[in-house]
Amino acid sequence: MSVNSDGTEEPGWEVDPEDEQGAAVVAAVGRQLKVWRETAGLRVSDFAARMGYGEDLVRKVESGRRIPRPEYLDKADEVLRAEGRIASMKKDMEQARYPKRVRDLAKMEERAVEIGSYSIHTVHGLLQTEEHARALFEMRQPPYSHAEVDRYLAARMARKSVYDRDPAASITLVQEEATLRRPIGGKLVWQRQLEHIAEVAEMRNIAFQIMPLEVESHAGMHGGIEILKFPDGSAIGKSEGAFGGRPVSSPRDIRILELRYGMIRAQALTPRESLAFIEHALGET
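Just so it is clear: in the sequence shown, position 281 is 272 by our numbering, and no numbers are missing.
Just so you know, the hints here were simulated from the structure itself, not pulled from any lab data. Being a predicted model, the structure only gives us computed values, none of them experimental. Incorrect hints may appear among the rest.
[What the hints assert, rightly or not] Under the rule of at most 27 Å between Cα atoms (straight-line distance), these lysine-lysine pairs were calculated in the BS3-like manner:
{"hint": "1", "residue 1": "81", "residue 2": "25"}
{"hint": "2", "residue 1": "51", "residue 2": "81"}
{"hint": "3", "residue 1": "178", "residue 2": "151"}
{"hint": "4", "residue 1": "81", "residue 2": "66"}
{"hint": "5", "residue 1": "25", "residue 2": "66"}
{"hint": "6", "residue 1": "151", "residue 2": "98"}
{"hint": "7", "residue 1": "178", "residue 2": "220"}
{"hint": "8", "residue 1": "98", "residue 2": "178"}
{"hint": "9", "residue 1": "151", "residue 2": "82"}
{"hint": "10", "residue 1": "220", "residue 2": "151"}
Using the sequences provided together with the hints, build the complete structure.
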């Protein structure tokens, strides 16, 4: 979160210039906020003072250069006595507030009836706690700004809505053991991360497996894999080591990824063995 020169925090995110659809929504909301302010007879300085934020932020929001956070819209609704009509704009901001590529992934995960993933470098995003995810974003080099960390973190946590679906998607997750040996974020954060993995691993619609370091035959040496299958029978997949890392959807390409992923699951520990691994690791923390 960035801070104004007067010390007040700016609750919002910068608009992604490559996200044309999101930018258009943010601009439309900004215009509406400006109309509401002017109709109330308030100058930018007066409105900013009543809001408790800097004038620069108000101008950025009204010009569509800043994505307002939910609390900003709630406060504007209160100051302008909009009786919920400004607060309702939060729904419009739900999509634009997240980076486009993350938004697209979340939409696909929401539609998928099957999700399969082999994660080789970090704990899978659907398994990460907020504290662990924040630690990952904060250690990135070159570093993200505070606002970028907050934005990407919110987007990652929003993906977990896939767990709340009814009927639930069938999810299989294979984690490389090395990702479960590095205590990212420190001892307490890592302990909670392992506890969370154990909780998720016991969900009925999820099969969690670990690819052990000691395995001698490893079908995942070419990198991570993601496969999503949809109700109409279509699918989309991606792998770092296949098809130039591009997403693919042809039946032939999906079969290749399915073959590799199937072999990875066969070579990994069983779900029961994997849960025992996590419980043993917890005992060592």
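Notebook entry, point to check: Is residue 178 within 27 Å of residue 151, Cα to Cα?
Noted result: holds (24 Å)
Notebook entry, point to check: Holds or violated: are the alpha carbons of residue 51 and residue 81 at most 27 Å from each other?
Noted result: Within the cut-off at roughly 17 Å; holds.
Check: Does residue 66 lie within 27 Å of residue 25 when you go C-alpha to C-alpha?
Finding: Holds. Residue 25 to residue 66 sits at ~14 Å (cutoff 27 Å).
Checklist line | Holds or violated: residue 98 to residue 178, with C-alpha atoms at most 27 Å apart | finding: violated (34 Å)
Notebook entry, point to check: Is the straight-line distance between the alpha-carbon of residue 178 and that of residue 220 27 Å or less?
Noted result: violated (37 Å)
Item checked: 27 Å limit on alpha-carbon distance, applied to hinted pair residue 81 and residue 66 -> holds (12 Å)
Margin query: Holds or violated: residue 81 and residue 25, Cα atoms, limit 27 Å.
Written below: holds (16 Å)
Item checked: 27 Å limit on alpha-carbon distance, applied to hinted pair residue 151 and residue 82 -> holds (18 Å)
Item checked: Hinted pair residue 151 and residue 98, Cα distance within 27 Å -> holds (12 Å)
Check: Is residue 220 close enough to residue 151, meaning Cα to Cα at most 27 Å?
Finding: Holds - the C-alpha atoms of residue 151 and residue 220 are around 18 Å apart, at most 27 Å.
The structure shown violates the earlier hints numbered 7 and 8.
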